[in-house]
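The opening position of the sequence shown corresponds to residue 1 in this note's numbering, with each subsequent residue numbered one higher.
Calculated directly from the structure, the hints in this document are not laboratory data. Honestly, I wouldn't trust all of these hints.
Restricting the straight-line Cα-Cα distance to at most 20 Å, the calculated cross-link-like pairs of lysine to aspartate or glutamate (EDC-like) are [said to hold, decoys possible]:
{"#": "1", "residue 1": "K234", "residue 2": "D355"}
{"#": "2", "residue 1": "K188", "residue 2": "D127"}
{"#": "3", "residue 1": "K155", "residue 2": "D185"}
{"#": "4", "residue 1": "K95", "residue 2": "D229"}
{"#": "5", "residue 1": "K95", "residue 2": "E177"}
{"#": "6", "residue 1": "K188", "residue 2": "E177"}
{"#": "7", "residue 1": "K188", "residue 2": "E37"}
{"#": "8", "residue 1": "K95", "residue 2": "D171"}
Restraint-style ranges between C-beta atoms, simulated for each label pair [unchecked claim]:
{"#": "9", "residue 1": "F299", "residue 2": "G174", "range": "55 to 61 Å"}
{"#": "10", "residue 1": "L156", "residue 2": "K209", "range": "45 to 51 Å"}
{"#": "11", "residue 1": "M408", "residue 2": "L101", "range": "36 to 42 Å"}
{"#": "12", "residue 1": "E177", "residue 2": "H325", "range": "50 to 56 Å"}
{"#": "13", "residue 1": "A178", "residue 2": "V291", "range": "33 to 39 Å"}
{"#": "14", "residue 1": "S96", "residue 2": "M63", "range": "48 to 54 Å"}
Because the structure is a prediction, the values reported are computed rather than measured. For every residue, glycine included, the Cβ atom is placed at its ideal position computed from N, Cα and C.
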Amino acid sequence: MKSNKVALGLIFCLFFLWAISSNLLPTMIRQLMKTCELSTFEASFTESAYWLAYFICPIPIAMFMRRYSYRVGIITGLLIAALGGLLFFPAAMVKSYSVYLCIFFVIATGMCFLETAANPYVTVLGDAASAPLRLNLAQSFNGLGAFISAMFLSKLVLSGQTFSRETLPADYPGGWEAYIQMETDAMKAPYLLLALVLIAVALLLVWVKLPKVGEEAEKGTGKSEKLIDFSTLKRPHLRWGVIAQFFYNGGQTAINSLFLVYCCTYAGISEQEATTFFGFYMLAFLLGRWVGTMLMARFAPERMLTVYALVNVGLCVVIMGFGGHVGLYAMLAVSFFMSIIYPTQFSLALQGLGDQTKSGSAFLVMAIVGNACVPQLTAFVMQQNAQVYQIAYIVPLVCFAVCAYYGMRYRRLLRVEK
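Given these sequences and hints, build the entire structure.
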């Protein structure tokens, strides 16, 4: 149907937008270490503030969308996230880390609306058998947003200058305060651009009607419905899917968020060169999404999930064994093989949920709270073992092992339900 194609096109734009937002975080961690004079561990709480919203908000958001619609939820999320982006302007005057953490929470709340709506909407907007392939295709646009954020927007923020109060040149114009103000102001541009695009898409969705699907199309039939259905978690393939998503998100974000810190602190690379490597890292992710989407037309999604996750376990062993530049190149490969894990697990976990899809989606999005604690554990291990910093990558190794376990057990979990 033509209306379904238009709807999918608009939803693909959402995947692109929230990738821009979430993949700016590693850049912001590096920048906030300078502007707020933070350690790696302290700056890692930027991730906590952002992803904590994904734990707190999905159930209320799912209830909101169940009462109204996917469309209303998406428009609401776009406007909330845009508001968060605009708040960077008053925050630049305050220069408080706690204020920035609150802003990241606001932006993430808006993005949580988008993710809670868009992932299940893509899975139900078409044939159920092709849902994993369709979601991986949609997530390819997420990879494109990640690449643009890493390769280009990061360069708008990071100046390449890294001074402390002690190392700042005595003749620097305006002294320490001028340096901090310049670095602080650099954070505003990408979020202004993001806010303007979010507002434009929200206005477009006000005029464009999205087709009703699933339980939305059945409203008015007299069938009673729960705003949130906790009994959904009794389904083993969903319950284990939530667990696998927790570990995958934590492992992915642990590597993503510390990538620039790893480059500059441990691999001896300049900020500008590090942002280029970060761009290649996200390009590998994008290529992995496209290649994975094509392969999924021929191979079972759960088998691909198992293979990709096991490859990443091996690559984490390489990072732990070598560190330095070898570890850096291994991370590029990790990015490629991480690419399909999130959307594949998401679509497999939602399989066969029917009118429980929004509830299942809410629980899966809540699992993103792994991003709020696993990166901090990884940063803590890295900071406490400065001489063998690469040992910290045992944390994402365990995370990928859990994903491989889910892929291997998936068919058995479905049989248990029957």
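A quick look at each hint next to the structure:
no.: 1; hint: K234 x D355; result: holds, 15 Å
no.: 2; hint: K188 x D127; result: violated, 42 Å
no.: 3; hint: K155 x D185; result: holds, 13 Å
no.: 4; hint: K95 x D229; result: violated, 42 Å
no.: 5; hint: K95 x E177; result: holds, 11 Å
no.: 6; hint: K188 x E177; result: holds, 17 Å
no.: 7; hint: K188 x E37; result: holds, 18 Å
no.: 8; hint: K95 x D171; result: violated, 24 Å
no.: 9; hint: F299 x G174: 55 to 61 Å; result: holds, 59 Å
no.: 10; hint: L156 x K209: 45 to 51 Å; result: violated, 36 Å
no.: 11; hint: M408 x L101: 36 to 42 Å; result: holds, 38 Å
no.: 12; hint: E177 x H325: 50 to 56 Å; result: violated, 37 Å
no.: 13; hint: A178 x V291: 33 to 39 Å; result: violated, 47 Å
no.: 14; hint: S96 x M63: 48 to 54 Å; result: violated, 33 Å
Violated hints, in rising order: 2, 4, 8, 10, 12, 13, 14; the structure is consistent with all others.
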